[in-house]
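**Student:** Residues per chain are reported as follows:
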Amino acid sequence: MVSSTRDRIGVVGVVMALGFGVVLVHLWLLMVWEQETWAQRSHENRWSFRAVPSQRGTIRDRLGRVLVQDEPSTELTLHYQRFRQRHLIGAAVHGAIAFAALDPARVGTVYDYGEGLLGPAAAVRDLLAMPARLLHPRVLEKHVASELAMTVTTVLAQASGMRRSEVYAALRQAAARDDGTCVGDVLPIPRVQLLAVAAERVRELRQLDATLHELERQRRERLGLLGDAPPGLLGALERMRRASLADERHRGLPVESIRRTFADLVPFDVAAPLRIHGDRHAGLDVRPSVSRRCTVAEGSALRAILGNLQDLDRAVPHENWFDQHLASELPADWLDDLVPAGLVDDELRASLQGDAEASYRLQMLLQERRGVTGVEAQFDDVLMGRLGMRFVEHDSKRREQRLWSHLQVQPGDDVQLTIDLDLQRLAERATEHSWQREQRKFVDEGDQKRCEAALCVLDARTGDVLAYAGAPIVSSRAVDVPGVVWQGNGSVGSVLKPFVAVEQLHAMATGRPHRPLTELEPCRGHATMRYGGRPLNCDGVHGSAGNDPVVAIGESCNSFFYQVGLGLGEDGLARALARFGLLQAEPGSPFADCWQGRVRGLAAARPVVDRPRGTQPARTPLPDRAIGYAIQASPLDIARAYAVFAVGHLPTLGLAAGERRPVVLFDDVVGELETVRDGLRACVQTGTARKLATLQELGVAGKTGTAEVGERNDENNAWFAGYLQDVGASGAQLVVCGVVYWVQDKTHGGAAAGQLVADFLDGVRDDARLRADYLPTGSGR
Amino acid sequence: MSEWAHGLPRRRLQVLANVDGRLVLAIAALCLCGLVFVGSATMDDVQFQNQQSRQALFVACGFGLGFFLLLPHYVHVVRGAWLFYAGVVLALLGLPFFAPEINGARRWYALPGFSIQPSEFAKLAVVVALAAQLRFLDRSRSLDTLLRPMVTAAVPALLIMRQPDLGSSLVFWPVLLAMCYTAGARGRTILAVLAVGLVVAAFAYVELLHGYQKERIAVWLQHWSWHQGNLHEPAVQELLNGKAFQPWQSLIAMGAGGWTGFGIGQGPQNRYDFLPYRSEDYVFAVVGEEAGWLGCVLMLGLVAVIVFGLLAMAARTRERFGRLCCVGVAAWIGAQSLIHVAVCGWLVPSTGLPMPLLSYGGSSTLAMLLGLALCLNIGARREPILAADGFH
Numbered sequence: 001m002v003s004s005t006r007d008r009i010g011v012v013g014v015v016m017a018l019g020f021g022v023v024l025v026h027l028w029l030l031m032v033w034e035q036e037t038w039a040q041r042s043h044e045n046r047w048s049f050r051a052v053p054s055q056r057g058t059i060r061d062r063l064g065r066v067l068v069q070d071e072p073s074t075e076l077t078l079h080y081q082r083f084r085q086r087h088l089i090g091a092a093v094h095g096a097i098a099f100a101a102l103d104p105a106r107v108g109t110v111y112d113y114g115e116g117l118l119g120p121a122a123a124v125r126d127l128l129a130m131p132a133r134l135l136h137p138r139v140l141e142k143h144v145a146s147e148l149a150m151t152v153t154t155v156l157a158q159a160s161g162m163r164r165s166e167v168y169a170a171l172r173q174a175a176a177r178d179d180g181t182c183v184g185d186v187l188p189i190p191r192v193q194l195l196a197v198a199a200e201r202v203r204e205l206r207q208l209d210a211t212l213h214e215l216e217r218q219r220r221e222r223l224g225l226l227g228d229a230p231p232g233l234l235g236a237l238e239r240m241r242r243a244s245l246a247d248e249r250h251r252g253l254p255v256e257s258i259r260r261t262f263a264d265l266v267p268f269d270v271a272a273p274l275r276i277h278g279d280r281h282a283g284l285d286v287r288p289s290v291s292r293r294c295t296v297a298e299g300s301a302l303r304a305i306l307g308n309l310q311d312l313d314r315a316v317p318h319e320n321w322f323d324q325h326l327a328s329e330l331p332a333d334w335l336d337d338l339v340p341a342g343l344v345d346d347e348l349r350a351s352l353q354g355d356a357e358a359s360y361r362l363q364m365l366l367q368e369r370r371g372v373t374g375v376e377a378q379f380d381d382v383l384m385g386r387l388g389m390r391f392v393e394h395d396s397k398r399r400e401q402r403l404w405s406h407l408q409v410q411p412g413d414d415v416q417l418t419i420d421l422d423l424q425r426l427a428e429r430a431t432e433h434s435w436q437r438e439q440r441k442f443v444d445e446g447d448q449k450r451c452e453a454a455l456c457v458l459d460a461r462t463g464d465v466l467a468y469a470g471a472p473i474v475s476s477r478a479v480d481v482p483g484v485v486w487q488g489n490g491s492v493g494s495v496l497k498p499f500v501a502v503e504q505l506h507a508m509a510t511g512r513p514h515r516p517l518t519e520l521e522p523c524r525g526h527a528t529m530r531y532g533g534r535p536l537n538c539d540g541v542h543g544s545a546g547n548d549p550v551v552a553i554g555e556s557c558n559s560f561f562y563q564v565g566l567g568l569g570e571d572g573l574a575r576a577l578a579r580f581g582l583l584q585a586e587p588g589s590p591f592a593d594c595w596q597g598r599v600r601g602l603a604a605a606r607p608v609v610d611r612p613r614g615t616q617p618a619r620t621p622l623p624d625r626a627i628g629y630a631i632q633a634s635p636l637d638i639a640r641a642y643a644v645f646a647v648g649h650l651p652t653l654g655l656a657a658g659e660r661r662p663v664v665l666f667d668d669v670v671g672e673l674e675t676v677r678d679g680l681r682a683c684v685q686t687g688t689a690r691k692l693a694t695l696q697e698l699g700v701a702g703k704t705g706t707a708e709v710g711e712r713n714d715e716n717n718a719w720f721a722g723y724l725q726d727v728g729a730s731g732a733q734l735v736v737c738g739v740v741y742w743v744q745d746k747t748h749g750g751a752a753a754g755q756l757v758a759d760f761l762d763g764v765r766d767d768a769r770l771r772a773d774y775l776p777t778g779s780g781r
Numbered sequence: 001m002s003e004w005a006h007g008l009p010r011r012r013l014q015v016l017a018n019v020d021g022r023l024v025l026a027i028a029a030l031c032l033c034g035l036v037f038v039g040s041a042t043m044d045d046v047q048f049q050n051q052q053s054r055q056a057l058f059v060a061c062g063f064g065l066g067f068f069l070l071l072p073h074y075v076h077v078v079r080g081a082w083l084f085y086a087g088v089v090l091a092l093l094g095l096p097f098f099a100p101e102i103n104g105a106r107r108w109y110a111l112p113g114f115s116i117q118p119s120e121f122a123k124l125a126v127v128v129a130l131a132a133q134l135r136f137l138d139r140s141r142s143l144d145t146l147l148r149p150m151v152t153a154a155v156p157a158l159l160i161m162r163q164p165d166l167g168s169s170l171v172f173w174p175v176l177l178a179m180c181y182t183a184g185a186r187g188r189t190i191l192a193v194l195a196v197g198l199v200v201a202a203f204a205y206v207e208l209l210h211g212y213q214k215e216r217i218a219v220w221l222q223h224w225s226w227h228q229g230n231l232h233e234p235a236v237q238e239l240l241n242g243k244a245f246q247p248w249q250s251l252i253a254m255g256a257g258g259w260t261g262f263g264i265g266q267g268p269q270n271r272y273d274f275l276p277y278r279s280e281d282y283v284f285a286v287v288g289e290e291a292g293w294l295g296c297v298l299m300l301g302l303v304a305v306i307v308f309g310l311l312a313m314a315a316r317t318r319e320r321f322g323r324l325c326c327v328g329v330a331a332w333i334g335a336q337s338l339i340h341v342a343v344c345g346w347l348v349p350s351t352g353l354p355m356p357l358l359s360y361g362g363s364s365t366l367a368m369l370l371g372l373a374l375c376l377n378i379g380a381r382r383e384p385i386l387a388a389d390g391f392h
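As given, the protein sequences belong to chains A and B, one line each in that order. First residue of the first sequence: 1, per my numbering; consecutive thereafter. First residue of the second sequence: 1, per my numbering; consecutive thereafter.
Keep in mind that the hints were calculated from the coordinates and are not lab data. Among the hints, a few may not be true.
With a straight-line cut-off of 27 angstroms between C-alpha atoms, the simulated BS3-like cross-links for lysine-lysine are [unchecked claim]: (1) A:K142 / B:K214; (2) A:K142 / B:K243; (3) B:K243 / A:K441.
Residues on chain B that point at chain A, a partial pick, calculated with CB under 7 angstroms [said to hold, decoys possible]: (4) P96; (5) F97; (6) E101; (7) A105; (8) P164; (9) D165; (10) A178; (11) I252; (12) G257; (13) G258; (14) Y277; (15) V307; (16) L311; (17) A314; (18) G334.
Simulated DEER-style distance windows between Cβ atoms [as the list claims (entries may be wrong)]: (19) A:D178 / B:A195: 35 to 45 angstroms; (20) A:L366 / B:F97: 50 to 60 angstroms; (21) B:P112 / A:D178: 44 to 54 angstroms; (22) A:D185 / B:R162: 27 to 37 angstroms.
Ideal placement from N, C-alpha and C gives every residue a C-beta, glycine not left out.
Using the sequences and the hints given, assemble the complete structure.
**Tutor:** Right, dumping it as structure tokens:
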């Protein structure tokens, strides 16, 4: 059938109409049917929730001096993909590797960032010697040619200062000419000059690397950091070069496309040139950050007390922690405020609120830190601030264009400790000297490792922990940190005797089971009595005088306390320990309030007492326990117990300044305490601690303790616990307890631990401010 | 006395009275809309903020030149068709030697204050040349009769494809097919030409297309499998932030527009610079985002009025050259518009093709307005049949 031209035009029109129809239907499906989906994607494109990091609270000492605080700092990051594509050196190295791979004789040649024969200078040199004809589209495979063209363009553009488009045009022309020109000669700039610029860039990179290494070395030296230093810039480049060539991936993404920090705490003057000359340092970026700065030396006991932080993504304690934290920190309607009604429809609003919560949790993981040890951990709820969040609209370059709403950021609260930094330093110095002094006496390395020293200083009136050196960590690896004592190795020794004495005297007054003093055997030294077929010995021969509690305490007569312990029995000994907080009493017991479960901020071991359990007898005989064996306690607990003698009440210990803490009054044993005080004064003036002149001069009252702890009883624990009998100008009354674990046989408590306490008090006396604050008036030399 | 003694002959001016006013209005409306959307697309961009004023200048020049193109009889165009065609081909041949390389392509001659893109004028030249060639076509011939028209279209198409400018080269095919069919080629012949075109396309894909062009096709094929469940996978995210960024942002812009859009100048994808080249290659995405589906219908409606107006004009025109020119220009404007819209909606792989009279572009606007002016010239004259017409 012959069709007319009009019919044919009609057919063309129908085809056109069909085209219009198809397009309109597609547009309707896209813009009307799926509008909500695309609207949501449009919102996702430009709406985001941006976290505002919170500043963690500052930790201060007793006088308000900063111990730990957040400080703004600068970190340097590396985006390696950008570095190898846009930085002269990165492009040269990778370009040279790609070029070498084309030559069968040089396959496997790998250039690097080191100072060897195949370093960056060689890479630039060899790459510039590449024939330009290789960049012709038909010579090499497209992806190889494209890679080479990009790297060569980067090198030439950066080295010459010309625009990339101009360089690329010159390369294309040279490639098309195919006249043997090398890429280093396509520009009107001599190759020598290009190489000189490249050499300068290499020098800049090396200089930056050296500067960062030196800064890190100084910081580690200042803080006493152990372990290997981070690899630095060139190390990071080497690592990423290998990852790039191996096409390593992390969660599906090329590792080289993940931005990494290679230096932090960088001073502004070092970081600024990278920011100012950003085009020369492609791939290297400067970012603001926050770092936790500690003014206390690494490795010290105080540093251990202060503790450490960890990024929250590695320190979430349990899976419900987030829910609990958000419930406690955020207002109940925070999502409604952050994504207000009326902005979008309800369904999208619910979706955005879900995104906001997910983003908040993610940003917490990425930006927040949590204390994992020490004060940072124990006061984490106080120190940790609250992340803020901004609901913003941004453009394609992620620049904020509009702020919809925000959740206010809240900084963490400061924590002021009871620790006096100067007292703490004295205590640490004294414990270190004591430990080294005793350690040197051992020949065997194993014995040397077991020797540890610790010192605790409290304010007897308030329970404030003023200093605590050597024993803050409960860890099997405490020996790695100088002066740190581990959990405890067995016995507190004779420092326990005053508590038994109080119970004996109280039992005498109240008629509880006891052995009357008049019925005690006089002390004969060796084998004064036998128990369980074993002789019980005393270091001295005190005769009948040893039956006087004051003399028995002052001279530390074992015979007295063996017999007294037997008289008191298990119940009496338990009462003695419980009254002074060394044994947890049953609920309803009059001593239930004496036990302090823990001291917030200090990871001190709790006392452990060997005693009968049900039908099972105690492993250690009662008489031995009465003189301090099989009772493990830290200097903290012993010092707390001795505070009773100083002030007449048992304080609750604490590390946070300004706390009101309960005390346990000892009103029922006033007379007994006074008798024991006489004994403690006698111990220092005429008894087992009489050789310590400083203690006498300062009027310290206290008790020595020596417990044999070695397998063959060849080693001792040496203790001294005591107190000043008056307050200093600051209102604090010091009670001190020192211990040196694992001293040589024949080294007694007074000689080792008493000397430790004396050294500490000498230091206090030598410091004008400390003397005024803590020593009673007239305690100067 | 010469009729010129009284200025322009009354007969010439009378032609103006016969110009299809509705078509002129539709063209003017489309140009005006183009100015509005180019202005919206560039108002926040310092680099391109003079595009609206320049586009207005191009439109004014186009109308002005078009006015003067209406006055002489279009027979002069017939006489100059091959000269025009040869000039354009020479201009295309000279690009590798005289045109600067911009973004890896040589498409424009840089002149003081402006640039000329010969490929846009090549479309008009091919329409005119094909009309001159096909007006004597005997429809009883088979495929070999169409070989010369195919070569006429293929020469500039291939030269344009090697610039590289794949999008512009694609427009020549629907123009060729529409004009050949209108000229009387058999349906089977047209199918054969289509088959040849497919073979050429396959050959071009393997041998001629650049890597980035193949990647666009590959990504386009992949995107049909994307859905909300797999959009956040790393591999997909890598594409969305890389090779698929532009078309994906265009989809977001259009899809979010809904029925009525965000309002002129209020589209977030536009304002926040998520759409690169949105005043040229993706202007319809701006239309979709800011005027919604109804706005798209309006724009396409204007284009349809022009296309079908030209086809109606072709049907009314008995003279073969004029008829074929109108069909050619209609196919040109229709095909280019539909391809541009399809690209914006990612219905086809992305390619840089401006929307006629809507996108920013001096050469494109001038060439199109000249083509439309030629058609208006044709439509304003009812000429007796100049050549034997074997058709009804």
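**Student:** Hint by hint, say whether it matches the structure.
**Tutor:** So, going through the hints one by one against the coordinates:
no., hint, verdict
1, A:K142 / B:K214, "12 angstroms, holds"
2, A:K142 / B:K243, "17 angstroms, holds"
3, B:K243 / A:K441, "74 angstroms, violated"
4, P96, "9 angstroms, violated"
5, F97, "11 angstroms, violated"
6, E101, "5 angstroms, holds"
7, A105, "11 angstroms, violated"
8, P164, "11 angstroms, violated"
9, D165, "17 angstroms, violated"
10, A178, "5 angstroms, holds"
11, I252, "5 angstroms, holds"
12, G257, "5 angstroms, holds"
13, G258, "4 angstroms, holds"
14, Y277, "13 angstroms, violated"
15, V307, "6 angstroms, holds"
16, L311, "5 angstroms, holds"
17, A314, "5 angstroms, holds"
18, G334, "5 angstroms, holds"
19, A:D178 / B:A195: 35 to 45 angstroms, "39 angstroms, holds"
20, A:L366 / B:F97: 50 to 60 angstroms, "56 angstroms, holds"
21, B:P112 / A:D178: 44 to 54 angstroms, "34 angstroms, violated"
22, A:D185 / B:R162: 27 to 37 angstroms, "28 angstroms, holds"
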